[in-house]
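**Q** So you can see what is in the structure, the chains are spelled out below.
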Amino acid sequence: MSVRHLEVEVRPTQSGAVLDLHGEINGFSEEALDTAYQQAEATNPEAIILNFEDVDYINSTGIALIVSLLRKARASERHFLAYGLSDHYFEIFEITRLSDFMGIYPDEQSALSGASVS
Amino acid sequence: MTAPRSGARRTLADFSLPSEPGNERLAMEEVAAVVSGLGLPEKTLEKLKTAVAEAALNAMEHGNHYRAELPVFIEVSVSDTDLSVKITDEGSGPPSFHSETPDLEAKLKGVQTPRGWGLFLIKHMVDEMRVSGDEAHHTIELIMHLDGRAEGGK
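So the sequence lines, in the order shown, correspond to chains Y and E. Quick note: the first sequence uses the numbering used here, first residue 91, plus one each step. Quick note: the second sequence uses the numbering used here, first residue 15, plus one each step.
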């Protein structure tokens, strides 16, 4: 099994900037996440939307990185949403209370709709 | 492979990994492979994997300070009632985890560091967690009860 270092693509939509996450979210991911977030923020979107569909591993350091992004988004009054989490990581987002502070959706369509109305 | 039906504990695997960033994932996958024959529900297996990864991460980072020449030892054993994973590092003194209970609101306000989720996650993933140590080692033992565990359970 090889490590899948995180790669992030930023995709502007009418509802906000989608960050398509590919790989693992761990201690190696900070630069990729920060760079993508800055790129997304440059377009001044109302919402930042994390797409977890191609993420198969998140550790505690990765949770901390997501907390840092959430903090930035709240500071600039942007909506912060996510979709595509597995059942296991959805439960971890509930345990950590991340789901209390960010919109969690099952798929992109519902996330984009959520971003539009929130 | 099935759990032994006596009170005896049987070792399923005993291995070590160098303390290098990212190797907690190897620990997780190796333990998952070792217990694959026990018929654990998927949900239980996912929780065990996260607990093992977090305990191994802590051992490599805080116990062995990512010194690759210092291995982390992992022992997986099973009895008729529980599955145990012991993860041992070569740190000294009390096992080092963030002692502060993570509070997301405090983290978002900058009152707490964004980090410090490892022990919290482990406690929520397993049925029991035991921490021990001496002058030369720390061990964290993760226990999953097997009795009555059915598909869809914890």
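Heads up, a few of these hints could be off.
As a list, the in silico DSSO-like pairs of lysine-lysine whose alpha-carbon atoms are at most 30 Å apart [to be verified]:
(1) Y/K162 - E/K137
(2) E/K57 - E/K100
(3) E/K123 - Y/K162
(4) E/K100 - E/K123
(5) E/K63 - E/K137
(6) E/K137 - E/K57
Source of the hints: derived by calculation from the structure; they are not laboratory data. Because the structure is a prediction, the values reported are computed rather than measured.
**Q** When the hints from earlier in the document are held up against this structure, which numbers fail?
**A** 4
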